Amino acid sequence: MLKLICFFLLGLALCQGFYVPGTYPVEFKVNATIQAQVNSLTSFDTDMPYDYYSMPFCKPPEGVKDIPFSANPGSLIEGNRLKNSPYNFSVKVTEIGRVSCFPTGFYPGLSAKEVKGLAHKIDNHYRVNMVLDNLPVTMYDLLNKESEFVRPGYTLGFKKNGKYYINNHLAFNILIYRTHGEYTLAKDRFDASVFFNGLDSRRRHLLTSDDVSASSSSSSS
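Read left to right, the sequence shown gives residues -17 to -1, 1 to 204 (mature numbering (1 follows the signal peptide of the UniProt record, and there is no 0)).
No wet-lab data here; the hints were simulated from the structure. Errors might be hidden in some of the hints.
[To be verified] Capping the alpha-carbon separation at 27 angstroms, the derived lysine-lysine pairs in DSSO-like fashion look like this: (1) LYS12 with LYS96; (2) LYS99 with LYS142; (3) LYS66 with LYS96; (4) LYS66 with LYS42; (5) LYS99 with LYS146; (6) LYS99 with LYS42; (7) LYS142 with LYS42; (8) LYS75 with LYS143; (9) LYS42 with LYS146; (10) LYS96 with LYS42; (11) LYS48 with LYS96; (12) LYS12 with LYS48; (13) LYS48 with LYS66; (14) LYS142 with LYS96; (15) LYS75 with LYS96.
Nothing here was measured: the structure is a model prediction, and the numbers come from that model.
Turn these sequences into a full structure, and let the hints steer you where they fit.
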């Protein structure tokens, strides 16, 4: 499994966070828990944002909650809707293989409506947006180290040879730096790699053109 995961990571882009003007770094103690927040799904091809949890994504065990933030009319028009997520991190603690779906550890089988919705979002190049302490996730090309072009969020999935693949495995790397406090650290960058695991069929959502056709027929009946 490890070899397969490394293979996919070599060909995929890295998601990187950056400092946003108008915000300030927050200090955290070692082992302190911080939670990533999810925002609306957006696309450069369409102006229609979608709520993150309108898609079949794993929900936090405490339930979905709106996150208050200082919003201006422009950000509301853009579809910014921050909500909590099942992704929690402990400062200076490395964790591997955590599951985000509770209590089973994986998302149940997709309905015909969910299949159609995911295929539609992938065809329209929708991206998943996340935030960690005011740092938005962005993506850039790992294969072109001189490229400075970045895009917000990471790709929901992709289509290849008539099949749809969902990026449903995430690897986060949060870079921090030590502050003047003895045990406090301020967060400097928020990175994530996205990939899918072809060995675990329970956690892989593989959609085919036949699935989408069946979904359309079911919706029209």
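Against the structure, the hints come out as follows:
no.: 1; hint: LYS12 with LYS96; in the structure: 44 angstroms, violated
no.: 2; hint: LYS99 with LYS142; in the structure: 13 angstroms, holds
no.: 3; hint: LYS66 with LYS96; in the structure: 23 angstroms, holds
no.: 4; hint: LYS66 with LYS42; in the structure: 10 angstroms, holds
no.: 5; hint: LYS99 with LYS146; in the structure: 13 angstroms, holds
no.: 6; hint: LYS99 with LYS42; in the structure: 20 angstroms, holds
no.: 7; hint: LYS142 with LYS42; in the structure: 25 angstroms, holds
no.: 8; hint: LYS75 with LYS143; in the structure: 38 angstroms, violated
no.: 9; hint: LYS42 with LYS146; in the structure: 26 angstroms, holds
no.: 10; hint: LYS96 with LYS42; in the structure: 19 angstroms, holds
no.: 11; hint: LYS48 with LYS96; in the structure: 24 angstroms, holds
no.: 12; hint: LYS12 with LYS48; in the structure: 25 angstroms, holds
no.: 13; hint: LYS48 with LYS66; in the structure: 6 angstroms, holds
no.: 14; hint: LYS142 with LYS96; in the structure: 18 angstroms, holds
no.: 15; hint: LYS75 with LYS96; in the structure: 41 angstroms, violated
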